[in-house]
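Generate coordinates for the entire structure from the input sequences, incorporating the hints supplied.
My numbering puts the first residue of the sequence shown at 1, with every later residue one more than the last.
Incorrect hints may have been included.
Here are the in silico distance ranges between beta carbons for each label pair [what the hints assert, rightly or not]:
| hint | residue 1 | residue 2 | range |
| --- | --- | --- | --- |
| 1 | G26 | L136 | 38 to 48 Å |
| 2 | W108 | D133 | 13 to 23 Å |
| 3 | F72 | I33 | 38 to 48 Å |
| 4 | G26 | I151 | 29 to 39 Å |
| 5 | E106 | S183 | 31 to 41 Å |
| 6 | L170 | F72 | 24 to 34 Å |
| 7 | W108 | I64 | 20 to 30 Å |
| 8 | Q177 | V50 | 29 to 39 Å |
Derived by calculation from the structure, the hints in this document are not laboratory data. Just so you know, even glycine gets a beta-carbon here, dropped at the ideal spot from N, CA and C.
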Amino acid sequence: MKKFAILSVCVCCMFFAPALKADSIGEKILLYIPNRICDLFDLFSVNVGVGPTVRAELMATELIKVGGGVDFGTARLYKDWNRQYGVGLQKGWYWSLVCAGEENTERWNTFGFTENYHERRAGIPTPDMQIFDYYLGQRDFWRIGGALGLIVEAEVYVNPLEWIDFITGLVLIDMRQDDIEMSDFRRW
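Below, the structure is given as structure tokens:
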């Protein structure tokens, strides 16, 4: 029965999707389930790395963060903020004690939908920093979670803004403006 339902949705998409106009109610209905599934996966971030690293961190936003670490170049698997899925390399160091901290971290040689970045900062992080940009940033300023690592490292975070986006998405309000549209398929 599930296979039949999925096949039916795919057939409908093939025949009726090209006739839909951008932002039409038909498009929103047609893409409702795929967009809610994407929003569901956005609720959390999980990143795993292997290499010469030592790290311990707990945080409830970037302002309330305690921990530190040093990474001499780890290979990583990313399922991160802003739908960054892929692999890459990461190196650097940081320390944080509640509001104060320093960081020099670089992510490079990424593959998939993961973005490269190099973040250097000292002092108090703020949500208006480029790396925390609400729509295009590589990291979520408001994330809650932590990381632990010694040669093998894991990061697990909950993204509170994505929870709001998921709940509002149930009534067709796309707060993060990240819902899939038919124009996304036309670009391929």
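To see whether the hints hold, each was checked on the structure:
For the pair G26 and L136, the beta carbons lie near 29 Å from each other, so the given range of 38 to 48 Å is not met. Range check, W108 to D133: Cβ separation about 19 Å, and the 13 to 23 Å hint holds. As the Cβ distance of F72 to I33 is approximately 43 Å, the hint placing it in 38 to 48 Å holds. For the hinted restraint 29 to 39 Å between G26 and I151, the CB-CB distance of approximately 52 Å leaves it violated.
At roughly 34 Å, the beta-carbon separation of E106 and S183 lies within the given 31 to 41 Å, and the hint holds. Range check, L170 to F72: about 44 Å between beta-carbon atoms, so the 24 to 34 Å window is missed. At roughly 29 Å, the beta-carbon separation of W108 and I64 lies within the given 20 to 30 Å, and the hint holds. Between Q177 and V50 the Cβ separation comes to about 35 Å, which falls inside the hinted range of 29 to 39 Å.
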